[in-house]
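Chemist: Sequence:
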Amino acid sequence: MQPSEQPAARKKLTPVMRQYEDAKALHPDAILFFRMGDFYEMFNDDAVLVSRALNLTLTSRNKGEPDESPMAGVPHHAAHGYIARLLALGHKVAICEQCGDPSKIKGLVPRQVVRVVTPGLVTETDQLDARANHYLAAVDGGGVPRGDALGVGGPYGLSLLDLSTGELSATSVPDAATLLAELARADPREALIARDLPDVRAAAASLACRAALRDDEELDSAQVASILDDAAIEPISAAALAEHPLPAVRAAARALRFARRCSPGARIPVRRIAPHDTSGTLRIDETAQAHLELVRAADGGRRGTLLDVIDCTVTPGGARLLRRRLLSPLADLAGIRRRLDEVELFVSHPRARGELREALGGVGDLERLSVRALLGEATPRDLGLLRDGLTAAPAAIAAVRSIPDLGKAAARSDDGAAARGKEGAATGSSSEPLLAEAAALDVVADVCAELTAALIERPPPNTREGGIFREGYDKELDDARGVEKNATELILALEAKLRTQTGAPSLRVKYTRVFGWYIEVTRAHLAKVPATFRRKQTVATGERYTSDELDELADKIEHAGARALERETALFDRLRALVAKSEGRLRALARKLAAWDVAAALADVAHRNDYVRPHVTAGEALAIRDGRHPVVERYAAAGHFVPNDTRLDLSGERLWLITGPNMAGKSTLMRQVALIVVLAQMGSYVPAREAEIGLVDRILSRVGASDNVARGESTFMVEMRETAEILRDATRRSLVILDEIGRGTSTYDGLAIAWAVAEHLFDAIGCRALFATHYHELTELSTRAPGIANYSVAAREHGDDVIFLHKLEAGPASRSYGVAVARLAGVPEGVLARARAILATLESGAALPGGKHASLRGRTRGGAAQLDLFAPAQAAVPPEQSAVIETLRAVDVDRLAPLDALRLVAKLKGLLGGGG
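Here the sequence shown is numbered in the working numbering, starting from 10 and rising by one per residue.
Don't take every hint at face value.
[What the hints assert, rightly or not] Label pairs and their calculated CB-CB ranges:
1. S215 with A62: 22 to 30 Å
2. I465 with R276: 29 to 37 Å
3. S215 with V123: 35 to 43 Å
4. A906 with E367: 52 to 60 Å
5. S853 with T740: 43 to 51 Å
6. L736 with R61: 45 to 53 Å
7. K484 with D239: 38 to 46 Å
[Unchecked claim] DSS-like cross-link-like pairs, simulated, lysine-lysine; straight-line CA separation at most 25 Å:
8. K115 with K21
9. K519 with K537
10. K494 with K519
11. K21 with K72
12. K565 with K506
13. K545 with K506
14. K565 with K113
15. K565 with K545
16. K565 with K484
17. K494 with K484
18. K565 with K494
19. K519 with K565
20. K545 with K519
21. K506 with K494
22. K506 with K537
23. K519 with K506
These are calculated hints, taken from the structure and not from any lab test. Each residue gets a CB set at the ideal place from its N, CA and C atoms; glycine is no exception.
Given only the sequences and the hints, what does the whole structure look like? Please build it.
Modeler: Right, here's the structure in full:
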C-alpha cells in the first residue's frame, strides 16, 4: 500500500482492527497473538504463516467483502503449546492482551502488547529443558567499524543471558574462531549479531547449534551504561565497566536491551555481569564436541554421550551446572583440585552422599522458580514446589554437616582461592568454599514458613479457580468461603431469628430468580411484621418483604465466590511478592545445593563405575594406566571392555602413530584419552586404574568421515578444513587426536598430506598427539626422531576370520585386514573372493590389465612395484595363473549362498571373455 493510501484504508478499519494494526506496527517482525475473548487471533500474513506452520484452519474475516482478510486463531488456554511450536521454528511471538475485564468496561476494551516471546527468552517451565541452560547470545564488534569482519579479527564481545535463571555472563574474545567456538559450546537458542558483522552471522549460520540468528541494530557506546541500569533489576553499569572490557559490556547491553524490549513491563532479573573467562578453561571447539559426543550423540539425542553416562544429578540446577562444567573444563590447577577434593569427600563418605542425594531429590528447581516469582509469572503450583524445595534443603545441609572431615575439606579448599573467580565465571557459583559454608548456609526459613502456612498441600496450576490457601490463613478469606459453603445454613438461621423476633410462625425466607431473596409472611400474621421490613410484592397468600439484614446476607451469598477469589488473588500476589523480594537469597541457596549435587553425583558415578581420582599437574606428561572409554564401557562392552595404557610426554614420546585393522578400536582408544582429559579437568574422577594429567589447554580432533552438503563440502573437504583448523589453533599444551588423514583423495596425495601433517604436529607445534592411520608407510617417521612412536591395536587371524583383541601393542601393525572386516559386514562371498584375488595380484607387484603398475606402492627404477614395508613375503605368481583361478582359490565354498554362486559364475565367465 502506498503512503497516500494508508489514511483512507485506515478509516475503513473497525476500532478493533485499528488496535490490531497499531500493535502490529510496533512489532512488525513478530507474529501477533491478538486476544479477543477466549481466543488469540492472527490476521493477514501472520494468519497465513501460522496456519501453515501449525496446520491450523485458515478462515477469513469479512468474507466476500472488499476488506476480506485471512484469519486464524487458537484457544487462549492452549496458547502455550502453539507458541512453543512457533519458537522451535525460530519465530518471535508478540502477545497482545485485553487490559481489563470486558464485562466491566463499556465500549472498546483496551489492548496492548504485554510481552514478546522469542526462542532465547523463554521462562515457561513446559517450554524449557530443565537440565540445560536456555541462552540468548549477543555478539558485538567492540564498537570498531569493520568491513570483512572475519578477516579483520577481534576483539569481539560475547554475552550469554539465561532469562529463566537470571544469569548474564560476558567476555571479550580475540578472534572469530574463538567466538564461534564459544557460541558452539553455549548452544544458544537465539543469537543477536551486530548488523555490521555480516560475515560473523554467515559463519554462525553454519554452526550445528540451534540458534535463531537475528541482526541487532547499532549500539551507541554512550548509551551502554543507561541500557544496563534501566534493564537490570539494580544498577550494574559501574561494576560492569570496571570489571569487563568494553566489547563484553557492549554485548551484555545488546542482550539486556533486547530482553527489556520483549518484556516492557518488567525488569530483567540480572544483578551482575559474571565474567566468562575463556582463557581459564579447556578449549573444546564445535568439531571436538561433535567427535567426542560430549552432550549430543551423532543422532542428535542424549543417549550414548559422555553427559548421559556421568549425569546422575537429582536437581535441575545440578544437571545444568554439570553440563556447563563438562563443556567448559578448567585449565586452572587450583580450581581443578578444589573440585576433585569435593568429589573425593563424597566418595569417602558414602552414607553422607546417599543422605544428601535423597534430600536433594526433593529440592526441585529453586533457581528458576525464584526467577519466575520475580518476573511475576509464578503460579500457585510453582510456589508449592518452591515450598517443598525449601522444606527439603535443611536435610541436605544436615547430610553435609555430618561429614567428619568437613573442616579438613575447608582447609584444602583454601588452596583454590585464585581459582574461585574462574568458577564463578563459568558457572555463577559462590566464590566461597561450598562445603565450608554448610554451617552458615541461609535456607530462607522465613519464606519457607510463610509458604507452608499459606498454601494447601497441592496448590492448583493457576489462580482462576481459587482453592490456593489453607483454612485459617486469612480471616477475610475464611469468612467469604464460609458464606459460600454454608449459604443454606445462614439463610435458615436468619429465618429462625426473624420468626423469633416477629412471633410469626409462618414466616419464610425464599428465593426466586426474578426477585432474589425475600421474606414471605402469610395474611394471618401481617400485623406482626415490623416497620423495618420493606414490602416487595403482594401475593394471594400474603406479602413479600425484604430487610437490611437479608439484603446484606444475600449480597454476601451472591458475591461470596467472587470475593473469595478476589481475596485469594490479592493474597497470592502478596505471597509472590514476598518470594520475589527474597529471590537473591533463594538463588544463592540454589547455586550451593547445585554444586553439592554435582560433587555427590560425580562421586556416585565414580563409586559405581570404579573410577579413580586423577593426578592433575602442571607437568607435560599424560599418563593413563588401564584407561577405559566411559561410554563404550557402559553401552557396548557390557562389562568386557579391554583397558589400555597411554603415555604422551612432551619430553619423551609425544606423537603416537597408531595402526591396526578397522574395528580394532583405534578410534575408541584416542577418544577415551580425550574424554579422560575432559573428565579430569572438569573435576571428575576418571575411568582408569591410574591417571596423571599434565594440563591441556585445548582438545582438537579430526575423527570419522562426514560431508556437509548444505555448505557444498565433500567428505575430503570437511576433513581438510578440520585438519587446517587443528594446525592453526593447536599449541604445545594441546591434545590432538587425528584419525585417517588423507583418505578422500588418491593414495599418493593422501599419504603426502598425512606425512606432512604428522611432521608439522611434531616439529612445528610440538604437542601431544595420537595419529591413527592405515598408511603403513607413515610408520617410517619413527626412525627420524625418538619422540615419534609406533603402536598398533592387536588382531589375530583364525582361518578366514579376524579376531580383534582391542589391546594396544608397541610397534606397527602388519596389515589392515580390510577384506576380513568387509566379510564381517556381510559383503557377498563372490565379491570377497574377487577382492582377495585382486589383493594378492596387487601385493605381488603384477601389472594391471592395461600393462601399468598399480600406484598403491612405490616403484623401483626399473618400474617394478615395491611391496608393502610390513607385508609378509609372497611367492611370485606364475604367469599362467589367471584371475579366474585366483578368484576360485579365494572362494569360501561353505559360506557361498546359492544366489552368490550364480553371480560368481557370471563374473568368472566375464573374466574369461565369455558372452552373456
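Chemist: For each hint, tell me whether it holds in the structure or not.
Modeler: Verification of the hints:
no., hint, verdict
1, S215 with A62: 22 to 30 Å, "holds, 24 Å"
2, I465 with R276: 29 to 37 Å, "holds, 31 Å"
3, S215 with V123: 35 to 43 Å, "holds, 36 Å"
4, A906 with E367: 52 to 60 Å, "holds, 58 Å"
5, S853 with T740: 43 to 51 Å, "holds, 46 Å"
6, L736 with R61: 45 to 53 Å, "holds, 46 Å"
7, K484 with D239: 38 to 46 Å, "holds, 42 Å"
8, K115 with K21, "holds, 22 Å"
9, K519 with K537, "holds, 19 Å"
10, K494 with K519, "holds, 18 Å"
11, K21 with K72, "holds, 15 Å"
12, K565 with K506, "holds, 18 Å"
13, K545 with K506, "holds, 20 Å"
14, K565 with K113, "holds, 20 Å"
15, K565 with K545, "holds, 20 Å"
16, K565 with K484, "holds, 15 Å"
17, K494 with K484, "holds, 15 Å"
18, K565 with K494, "holds, 11 Å"
19, K519 with K565, "holds, 16 Å"
20, K545 with K519, "holds, 13 Å"
21, K506 with K494, "holds, 20 Å"
22, K506 with K537, "holds, 14 Å"
23, K519 with K506, "holds, 15 Å"
When each numbered hint is compared with the structure, no violation occurs for any of them.
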